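Q: So you can see what is in the structure, the chains are spelled out below.
Protein chains: 2
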Amino acid sequence: MPETALPTALAALLGPAGLLTDPADIAPALTDWRGLYRGAALAVLRPASTEQVAGCVRLCADAGIAIVPQGGNTSMVGGATPGEDGRSVVLSLTRLNRIRAIDPVDMTMTAEAGVVLKAAQDAAAEAGCLFPLSLGAEGTATIGGVLSTNAGGNTTVRYGNARDLMLGLEVVLPDGQVWNGLRRLRKDNTGYALRHLFVGAEGTLGIVTAATLRLFARPRANEVLFCSVADEDAALAVFRRFREADESAIRAFEYMSGLGVDLAVKHIPGVTWPLAERADHYVLVDLASTRPDADLEGLAEQVLGAAMEAGEVLDAVIGGSEAKRQAIWRIREEHPEAQRREGASVKNDVSVPVSKVPELIRRASAACAALVPGIRPVPFGHLGDGNIHMNLLQPEGMDPAAFLARSHEIMEAVNSVVRDLEGSFSAEHGIGRLKTEMMASWRGGAELDAMRRIKAALDPQGLMNPGKVLP
Amino acid sequence: MPETALPTALAALLGPAGLLTDPADIAPALTDWRGLYRGAALAVLRPASTEQVAGCVRLCADAGIAIVPQGGNTSMVGGATPGEDGRSVVLSLTRLNRIRAIDPVDMTMTAEAGVVLKAAQDAAAEAGCLFPLSLGAEGTATIGGVLSTNAGGNTTVRYGNARDLMLGLEVVLPDGQVWNGLRRLRKDNTGYALRHLFVGAEGTLGIVTAATLRLFARPRANEVLFCSVADEDAALAVFRRFREADESAIRAFEYMSGLGVDLAVKHIPGVTWPLAERADHYVLVDLASTRPDADLEGLAEQVLGAAMEAGEVLDAVIGGSEAKRQAIWRIREEHPEAQRREGASVKNDVSVPVSKVPELIRRASAACAALVPGIRPVPFGHLGDGNIHMNLLQPEGMDPAAFLARSHEIMEAVNSVVRDLEGSFSAEHGIGRLKTEMMASWRGGAELDAMRRIKAALDPQGLMNPGKVLP
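Each protein sequence line maps, in turn, to chains A and B. Our numbering puts the first residue of the first sequence at 1, with every later residue one more than the last. Our numbering puts the first residue of the second sequence at 1, with every later residue one more than the last.
Just chain A, with the same shape it has in the complex (with noise of 0.2 Å):
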């Protein structure tokens, strides 16, 4: 087919309300929320059923014209935004839309790839049930999403990445093929794990279109912690004695700086101290179990006994009711907002072996201070899964531009800490644009030329997502 020929060919498929041309109509489509790029597209194609994503699959390829596949467009790495060159379309999954079925005694959902991840928490707990993955943008990140890019979030320490959630996809190949491989099986062992290739994938093998998820018992017992320690190592020490105590009720573990909560207390209006004298470093516990008699306060005290007397902890309130519970997450959950408010900052979202975690924030925060006197550094993050969002703050009074134009120096001190700790420069977020030249010398040599040979055994044509994940 010629390629002028596609946009008439895609109306016929997709009707009027499936085939966006307006450059107004597009616009949103072609950026992503960071504001890290501007791309270009001929359409922004928005399919209602797998059977037309796979047409439209068919038809670009015909045309040699490449698909990147958008959620919810959150990406924090570009990895939905469409290159310069406007040789491509927007594949919108937002009108995949259905929980096509939930079933409260297997424990499973199947959920279309446009389903936002709040309303497929939403219908797990309408079917009694839990779907445990969490995160920031789970108002508007779809299903699709956080699976093509394998995200994390704040209860993966108990539940797992999207990745531990899933038993079965639904995937348009790039050949227009579609795989129905939506098994709700706990176990079975029929050949390669395609699904798990697809997860994290970043839509650069396929298109997943439905996906079959866990689901959990729901908790009955709930408690959150908030408490101040001694330094990293005694964050690190407390993690310890509550998976040593009992693994299984810790839903999350999260570090905070001491700078991290000032700004949340100083820029959010309503996040207030919940204890009466500030420290420098601070973890959050939350405990949930399905058994309402888990005595979790019990638990928490014991624990909190024992690191106050070892000198770990410090000071601590036990959240004791849902208000005080959630007043407690707040001071965590502001936390990006409070530090945009306070002024230009550098991300980074790494991972390091648990143990190494101390380590990690003390030379990273001493390797970008070096760099960039006055630099202050915020991190905060999931402890128990070694991922800590090493974030930079600006100066204070430095010109915000002038400070981001640093970022890529600032970048590299980290993951240069971070290479040294045998960790990773993309813990939850995946490679999308932003980190794609990282890859040669992360991941190169044999394991990059297997992911290469992969591509082109899948996508020959190199027309799914193209420019993502692999340099």
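Simulated from the structure, these hints should not be mistaken for laboratory data. What you are looking at is a predicted structure, and each value in this text was computed from that prediction instead of being measured. No residue lacks a Cβ here, since even glycine has one placed at the ideal position from N, Cα and C. Just so you know, nobody snuck in bad clues.
What the simulated footprint calls covered on chain B by chain A, stretch by stretch (three residues with Cβ under 8 Å from a Cβ of chain A suffice, anywhere in the stretch; the number is not a length):
1) 196-205
2) 418-424
Going by beta-carbon spacing under 8 Å, a handful of chain B positions derived as facing chain A:
3) V105
4) T149
5) N161
6) L185
7) N189
8) F216
9) R240
10) S355
11) G386
12) H429
13) A450
14) M451
15) R453
For chain A, the structure is supplied; the task is to place chain B on it using the hints.
A: Chain B only, in chain A's frame:
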């Protein structure tokens, strides 16, 4: 390299301890432990390091000789047995048997492929941690084997399959490159999930030489229950009750039939009736917690009380002591041996959605009874995962050989029900040689096509464990 030069080159690489060619020495490696197959091989290679494995792969690739990786050689499906053409070598991983590292802070262990599963469990226990994978062959099966087959076992309902316990891999690729993917990170979204591709690939895409595994906190409380239940539906209902009450406490949930327990008592010295009255259906519930004060007995009594009132549980015994817990487990663990002593049997390792387990047992039993009058179904296994070993014993007095001659028909009868229930023809044993012919009809079309593309991309010569997995 001409094929005739291969033995000399291998001898130079591996030394006398690393190369077996005497027919008597290599015989054990040429057959599987079920005795289904007898293959031929030029030699058994016994490399002692990853570098030696890579050297073997390069030499064999040069000479065009296939490689059959072998660990403990306990495959249920002939996955580690060479073909009959004599154009391959067996590569035994058993000399790669070091635990390279254990880190009780990260909760990870890096073990070489030849480490026996039991040795890995013991090493974890010595470090005060738990490596939870547990299965009948654990005294012989190796880490490389359990990962290459994505083994399951008794504790999958709580801790997941082998795949879920793996954070990183070291793999020798078909071209002899060594991929060092031994990362010990909980979160790492940097490109395609290669590690998940090698898990379950049964050595057809490369040779796993080492793995970084997840460890867990060791339970400090444990209780085991043995219950007679009204029927298959009641067995499922009791599982649901425990899951709702405390899903994280369920370490195993096993179904057994009346005949299965009868045979264990009949044939295995020391196995005794735990309940006053015989029944047609039983469940074993293993509860465990890291909290010493978890009150598992209270949990058990609460759930059993409600289940008895609902008529689901007829009678139950709570272990109460370590000796009694082991005695209960023994009834379940001796099922395969008891069946072997009773006569010939046809084994089906199948799975269905958890909600369909009762229907599977009833319908598959009826289908087989219609096929072979007097056939004796002995279904047992992992109800909590939807994975039932749907075994069929020969009719009393029938000639075992005559019965086994009908194996194919019987398996087809079971599989026909499994298929109707959207299940899998191989839940945890894999494909090996035994089930390759089923792949086209169960996983054909786009899925098998994608698998073949990946195989061709990574192993273009087709030398890695040929004749396994893919038809």
